[in-house]
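With chain A held as given, fit chain B onto it using these hints.
Quick mapping for you: the protein sequence lines, in order, are chains A and B. Heads up, the final residue of the first sequence is numbered 358 in the working numbering, and it's a clean run with no missing numbers. Heads up, the final residue of the second sequence is numbered 358 in the working numbering, and it's a clean run with no missing numbers.
Among the hints, erroneous ones may be present.
No copy labels: a pair is met if it fits in one copy or bridges any two.
Said to hold, decoys possible - In silico DSS-like pairs for lysine-lysine, Cα to Cα no more than 25 Å straight-line: (1) Lys227 <-> Lys145; (2) Lys343 <-> Lys301; (3) Lys343 <-> Lys303; (4) Lys260 <-> Lys343; (5) Lys227 <-> Lys260; (6) Lys149 <-> Lys227; (7) Lys303 <-> Lys193; (8) Lys283 <-> Lys145.
Don't read these hints as lab results, they were simulated from the structure. Treat the numbers as computed from the prediction; the structure is a model and nothing was measured.
There are 2 protein chains.
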Amino acid sequence: MNIAILGTGSVGQALAKKLLEKGHNLYIGTRDVENTMKQTESDAFGNSPISFWIKENPAVELLRFKEAVEKGEDLIVFSMNGQYALSCLASVGTDLLHDKILMDISNPLDFSNGFPPSLFINNTDSLGEQIQKAYPNLKVVKTLNTMSNPIMVNPKALKGDHTVFMSGNDDEAKVKVASVLQSFGWEAHNIFDLGDISTARGTEMMLPIWLRLFGKLETPFYNFHVNTLQA
Amino acid sequence: MNIAILGTGSVGQALAKKLLEKGHNLYIGTRDVENTMKQTESDAFGNSPISFWIKENPAVELLRFKEAVEKGEDLIVFSMNGQYALSCLASVGTDLLHDKILMDISNPLDFSNGFPPSLFINNTDSLGEQIQKAYPNLKVVKTLNTMSNPIMVNPKALKGDHTVFMSGNDDEAKVKVASVLQSFGWEAHNIFDLGDISTARGTEMMLPIWLRLFGKLETPFYNFHVNTLQA
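Only chain A is shown next, with the shape it has when bound in the complex (with noise of 0.2 Å):
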């Protein structure tokens, strides 16, 4: 597939060298492409730029939001901080978002009192509904959001079952996000399908939770198992 990945952080570069990894063709897209291969210095984090790893893949191309948007018709990965989706999906414009299909990794996160961050949106709303409404013809599919970058493409890091879930209008879409999860390594009986995009309130309310756990686990090799087995 030709896949437009938006968002270059920690998210977006294990999607990429996942995607590329499954012989993908990738469209990494970002606000400004001089300043983002300029970047030499690691995140708070300790993620080295995605500068590093764009120039030792050359096949891989670091484009404009709406030029990689354009190329990477098969699919929309969105990988950034949800602060930014709906400006930055407003710089692609809503004639090339018609009709593709927009994996949704993002949370609506608010940093601005410091670490655990509140939300921006919830309870009665979500990211994944906002981006759905200013977009009605993008089909979001809201998945991936509640785990850590190595857990999504790499399920088998954990032993025993795991759940991944996935929030969409459009079934057909969830299909296709289905079995790019599957190609990461997510056993179908794993990617639980909670319904329509509304239910993205569900999963993005759960960073909460994933966050303390975060603090107490220190390690962001763990996930979330919805046990259903009767005894």
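Here is chain B on its own, set in the frame of chain A:
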């Protein structure tokens, strides 16, 4: 132990039956004893009224909230809808709550716009914290609020591991609550102490995903497990 259970609905009844089976003396608190004993109709979910069970178990005393706490001095179980938490505790009074342990199973569910309910407190606050703030000398331990009542009192109803969380400021109170959980069948390694009472934000905010799962699974027999097993 002498245990006060505040709340006569399905959660209170499930806890009462299990705690009676374990040999505790139970003092069940309600707003209006006469009115509660007069009820003979099942609730909207088909749960029978507590009056039947009280008549069958004359050793269990049904009392007003304050009297129940006076007699159930070793542990208070709060099992009402969260919207009644502060008014119920106000009727008990600060003096009686001094130094007591409150096992808080409630959630801040707002059913005013139908099903699924939203939360009337969340994100930067929690019901657990509001109770703790209102009664600084009460030892609030939020637990069991992320699952259905059949699972709370019978974790072995599910095969394999699944998690019960605890949030609270007082370590001794958490040890006591953990021992009650263990008496229900919870294995120590599945009891997850998240930390202080502010971590109740995390567990209360799991209700939206719990409710969506309930809509999909159509059974109360499931629970979350934090899978930490690295491959």
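Here is how each hint holds up against the structure:
no.	hint	in the structure
1	Lys227 <-> Lys145	within (21 Å within a copy, 53 Å between copies)
2	Lys343 <-> Lys301	between (33 Å within a copy, 16 Å between copies)
3	Lys343 <-> Lys303	between (35 Å within a copy, 21 Å between copies)
4	Lys260 <-> Lys343	between (36 Å within a copy, 24 Å between copies)
5	Lys227 <-> Lys260	within (14 Å within a copy, 49 Å between copies)
6	Lys149 <-> Lys227	within (21 Å within a copy, 58 Å between copies)
7	Lys303 <-> Lys193	within (22 Å within a copy, 58 Å between copies)
8	Lys283 <-> Lys145	within (14 Å within a copy, 38 Å between copies)
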